[in-house]
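J.: Okay, here's what each chain looks like letter by letter:
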Amino acid sequence: MLSYCGFKLNSKKRLLQNSFIILFCLSLFGCDALLNANNQSDGVIYCSEGNPTSFNPQLDTSGTTVDASSHQIYDRLLDFDGQTGNVIAGLATSWLISDNGLRYTFQLRKNVEFHQTDYFTPTRAFNVDDVIFSFDRWRLKDSVYHNVSGGAYPYADSLGLGKLIERVERINTYRLEIVLKQPQSSFLSNLATDFAVILSKEYAEQLEQNDQKDLIDRQPIGTGPFKFANFRQDSFIRFKKHNQYWGDSIQTEQLIFDITPSSSLRLAKLITGECDAMGLPAHSELEVVRQSKDLILDEKPGLNVGFWAFNTSKPPFDRPEVRRALSLAIDKNALIEAIYFDSAILAKNIVPPTSWAFQTEQKNISYNPSAAQKLLRENGIEPGFTMSIWAMPVERPYNPNAIKMAELMQGYLQAVGVNVEIVSYEWSTFREKLKQGNHDSVLIGWSADNGDPDNFYRPLLSCGAIKSGTNRAFWCSEEYDALIDQALRFTNNEDRQYFYFKANALIAEQLPLVPIAHASKYQAFRKNLVGFEINPYGGVKLAGVTKE
Amino acid sequence: MSRSKLYQEEFHPSPLQHTWMEFKENHIAVGGLCCVLFILVIVLFCGVLAPFDPLLQQADAILIPPAWQPNGGIVNVFGTDALGRDLLSRVMHGCQMTFGISILLVLIAMSIGVSVGAIAGMSRGVRSSVVNHTLDSIMAIPTLLIAIIIIAILGTGLVNSMWAIALALTPQFIHQTRDYVRQECKKEYVQAAKLDGAPPNQIFIRSILPNMGEILVVQGTMALSIAILDISALGFLNLGAQAPTPELGAMLSEGIEVAYIAPWSIALPGGAIFLMMLSINLVGDGLRSALRNRLLH
Amino acid sequence: MLKVILRFFNLVVLTLLALSFFSFILIYLFPGDPLTNLSGIANPNPQQLEILNQTYHRDSAFLIQYWYYLIDLFSGNWGLSVSSGLSLADEVARTLPASIELSTYALILSFIIGLPLGFLAGLRHHKTTDYALLSASVLGYSIPVFWLAMLLILGFSLQLGWFPLSGRISLLYEVPRISGFMFLDIIWSDIDNKSEVILDAFRHLILPTLSIAAFTTTVTLRIMRRSIIETLNSEYIQAAVARGLTSRQIIMKHALKNALMPILPILAMQFTTLLTNAMIVEVIFSWPGIGNWLIQAIYQRDYPAIRVGMLAVSTLVVMFTMTIDLLLRLIDPKKSKVERVAI
Chain A
0 MLSYCGFKLN SKKRLLQNSF IILFCLSLFG CDALLNANNQ SDGVIYCSEG NPTSFNPQLD
60 TSGTTVDASS HQIYDRLLDF DGQTGNVIAG LATSWLISDN GLRYTFQLRK NVEFHQTDYF
120 TPTRAFNVDD VIFSFDRWRL KDSVYHNVSG GAYPYADSLG LGKLIERVER INTYRLEIVL
180 KQPQSSFLSN LATDFAVILS KEYAEQLEQN DQKDLIDRQP IGTGPFKFAN FRQDSFIRFK
240 KHNQYWGDSI QTEQLIFDIT PSSSLRLAKL ITGECDAMGL PAHSELEVVR QSKDLILDEK
300 PGLNVGFWAF NTSKPPFDRP EVRRALSLAI DKNALIEAIY FDSAILAKNI VPPTSWAFQT
360 EQKNISYNPS AAQKLLRENG IEPGFTMSIW AMPVERPYNP NAIKMAELMQ GYLQAVGVNV
420 EIVSYEWSTF REKLKQGNHD SVLIGWSADN GDPDNFYRPL LSCGAIKSGT NRAFWCSEEY
480 DALIDQALRF TNNEDRQYFY FKANALIAEQ LPLVPIAHAS KYQAFRKNLV GFEINPYGGV
540 KLAGVTKE
Chain B
0 MSRSKLYQEE FHPSPLQHTW MEFKENHIAV GGLCCVLFIL VIVLFCGVLA PFDPLLQQAD
60 AILIPPAWQP NGGIVNVFGT DALGRDLLSR VMHGCQMTFG ISILLVLIAM SIGVSVGAIA
120 GMSRGVRSSV VNHTLDSIMA IPTLLIAIII IAILGTGLVN SMWAIALALT PQFIHQTRDY
180 VRQECKKEYV QAAKLDGAPP NQIFIRSILP NMGEILVVQG TMALSIAILD ISALGFLNLG
240 AQAPTPELGA MLSEGIEVAY IAPWSIALPG GAIFLMMLSI NLVGDGLRSA LRNRLLH
Chain C
0 MLKVILRFFN LVVLTLLALS FFSFILIYLF PGDPLTNLSG IANPNPQQLE ILNQTYHRDS
60 AFLIQYWYYL IDLFSGNWGL SVSSGLSLAD EVARTLPASI ELSTYALILS FIIGLPLGFL
120 AGLRHHKTTD YALLSASVLG YSIPVFWLAM LLILGFSLQL GWFPLSGRIS LLYEVPRISG
180 FMFLDIIWSD IDNKSEVILD AFRHLILPTL SIAAFTTTVT LRIMRRSIIE TLNSEYIQAA
240 VARGLTSRQI IMKHALKNAL MPILPILAMQ FTTLLTNAMI VEVIFSWPGI GNWLIQAIYQ
300 RDYPAIRVGM LAVSTLVVMF TMTIDLLLRL IDPKKSKVER VAI
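Just so you know, the sequences run in chain order A, B and C. Per numbering that gives the first Met the number 0, the very first residue in the first sequence carries number 0; after that it's consecutive. Per numbering that gives the first Met the number 0, the very first residue in the second sequence carries number 0; after that it's consecutive. Per numbering that gives the first Met the number 0, the very first residue in the third sequence carries number 0; after that it's consecutive.
Everything hinted at is true.
The list that follows gives simulated cross-link-like pairs (lysine to aspartate or glutamate, EDC-like), each with its CA atoms no further than 16 Å apart: (1) Lys-240/A <-> Glu-173/C; (2) Lys-140/A <-> Asp-156/A; (3) Lys-256/C <-> Glu-229/C; (4) Lys-239/A <-> Glu-173/C; (5) Lys-240/A <-> Asp-117/A; (6) Lys-501/A <-> Asp-480/A; (7) Lys-240/A <-> Glu-252/A; (8) Lys-239/A <-> Asp-41/A; (9) Lys-331/A <-> Asp-59/B.
Think of the hints as simulated: they come from the structure by calculation, not from any bench.
Start from the sequences and build out the full structure, keeping to the hints where you can.
T.: What follows is the structure in structure tokens.
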């Protein structure tokens, strides 16, 4: 027994010795090497804020999903010019619109290759069949893939695109025709948004044969600059360079999304160089980024709105007076200061000032607690009334900290005798429950995907958007729907303005939601990263970004 | 004028006095005791002492640095957090919550542990090796791990975490009591009581328990520092107290969000936990060595 | 001896049975459908439901279900995670080695620092060195591990920019998982520039290891110190002194060995404390270990993951302590159990 112990002791001594030797070698190896990261591997790491629900932006309007898929894996027929906002060529090289505005003909790009991965090898290049397949997936209920991954296409549904398109036809292998039921001035813009991506028909057929249809959204194939390599939930997404990419952008060998939900941790990783770029820096930390000599802060006015929506299908929130009273009790200026750190402008209506539908003379609802109290009592809301405010668990550009905002509002509403219960769930559960209408009111918002104001008016408050789940107020007004439908029949902005101003007035009177702020869009990245710019229309674009 | 002693009077300190005399010699431990008393004062009177309501949000006073920093204000001595709440008040209430709950938990665990341990020690039946071994194995598992597992089952929340920690602290008291009772039962004074016909519960309460005081205090201080660490760790992991409750661990995890721009929002609550742990550990150490010295002499 | 080993195995089997039975009962105690808690498939369709009912023998008697549950446990069929849909056995196999790795390095580090210092303090009992080390050790074991980790991050990562603050390795490197232990995997893999990758992994390891080693180092120091003091006060050392041996001989030949031996198992027991602290620190450093994973599962109310994670961690810890206990009995049959020393 003793010898056993002796052995143990000896091995322990040896271990000690060895450790010292290792330590010594390491110190020789150089503190410098140890303390300064010197990654030789070629790759860009982007710190993103959450898990994508799938890799198909057709299925989800959440920015996180769009960021991880839309501009990385896929291409669209058309794109937006980042500077002017004009529609430019994507997979379609040119297009024609008939005089009555109903018939769109697209000439498609040739020699565009799909990704080759270990789960799929394409045998043919991109052609018109892929476009028809991709559009039919959300357009036609009887398409084979329509019901895969839930069968809900919130973006297309909220804009009524499926109903708008009469048919999508093949003219020849590289020529496509789309016929609309009625003219719509925003149609081309809609085709250029993050959601109108082109999937591979050949891949879909291969999956169908193997009876693995749901893989199409989890192991995606597209024509975009990067191909999907692997994804670990709560950890990372790895993309590899698509060598046969048709565009001429310079790329790095790999692109990695480091999933980091906390914005302070993202910033910390950016400071230590563990990320090269980060999405959604916290508004409280912008100053830190500005002052750091290694970091660059990019800023552009955002096409978004953060708001407080009442569930108008639930009494007493079905009464405009109650909604007005509650909105009078909130000091929006203080909220903007505390939550956005003054990096946002106060919202008077749902469209931001950068949009041409913005109405400068629109009046803001000022903070007036005594009037609020009076109006509440007149409408039979006694002190001690309890309502819920649902607050998003994640940060979005339009609301960097909904829970904190809800806590502040709790204080304001307490002052007029309304008790507030703050409700929050994990993000996907949260949206699921919101869709069911369990909330009294919710703090959420909307980021537009193209410059067209219809992209605000329709998804946020039209009757059709209740079903697709983007109308958080459950507010349905025929008058309003008629106004925004009318606006789309005209192509001239001034004609359309007339209807949008009327819609603005209606919203201001009815107050289904209280607009709070239009926040600027920010991106922070390290100085050695080149080619990274804010995409004002939707998700991040990392094609062509390299490290120096 | 000192009176000269005519007769050499022998001073026989009671065991308790003896321990106290030994403890007094250890200046660091006495410092720790003063610190514990100071914290106790805060815990008892923080409602009066705290300048603000810990939940009061001042939207116009967000992230004000503490007074000793160049642009700090004197109104909020420790500065304010990301919601404009006064940090001094929050730390004081946090001490009350963390320390107060910990004391409560230790008392609960102690009373359960001592009664179960006494039953186990006095009776012969429960002596089976399985019970002994199970208890020993459980003792070897850190309380925090047990608490996390219990919370995993019960769900998160302050009350659940309190249950979890109380349960996790109990085994060591059982163990201690059982061993002590076993040991004492062999001694003459217990045998004498037994021969007098005293029933077991009377033997325990009248004869053994009064002698256990010191051991329980020492064990209690150890358990207290564990309880503070556990409850704040659970708060920190968002498994225990939830925001906006002013619990030190939960405050710390709230502070992470602004750690880079407002380092004081993690330095102060963390420092408060550290100070509590430190002073209790000092007292515990002092008590233990005092006890050891007394028994040696 | 045989009796001891036999009793040990009895005990291990009993404990494991109790743990597995407890985790089986949890399926019913957790909110939600027991079948979902068992399989990890939320809202199964009727077809799946039937298959699941069959695989888990849901229509059999309770104890028979438990029997099949045990078979599933042993065959590694632990169900799926509700939130990620991944196999739980796979997830545990991925995360547990990361935690064990971290704790092991921290244990080694705390021995390397704690034992010599404790030895020194013991020799210099009641002298300045002793007091200084003792005071430093009180600081060390009073500092909450999560606070220390945050201070280290603030200082060494954010201010000085020396060390990274998250993960085990830079995401740029793709190290295939073979054993789950990072350094072994790097050595076994066929990636180029291995030395660079190893250095990167080492840089990631430093701060988390330091923050959990702090507590254990001080505990090791105090245990070692007390043991040395007690050994030096014992009669055979007095006898050696009386016989005129030099103090060097006494310390090296008699004191060191006799002081170390009884405390080795106690020191090994520190591993469980380390594992617990590692679970907290993992969350701060985004270390992909079992603690981080289990705590995420608790947030997401992922009951199958909670059940399996709890079972894995408690089995590991209980088995570990029992094995140490057995070793102690085999080494020194006189001792009845590992004594909880006053540190």
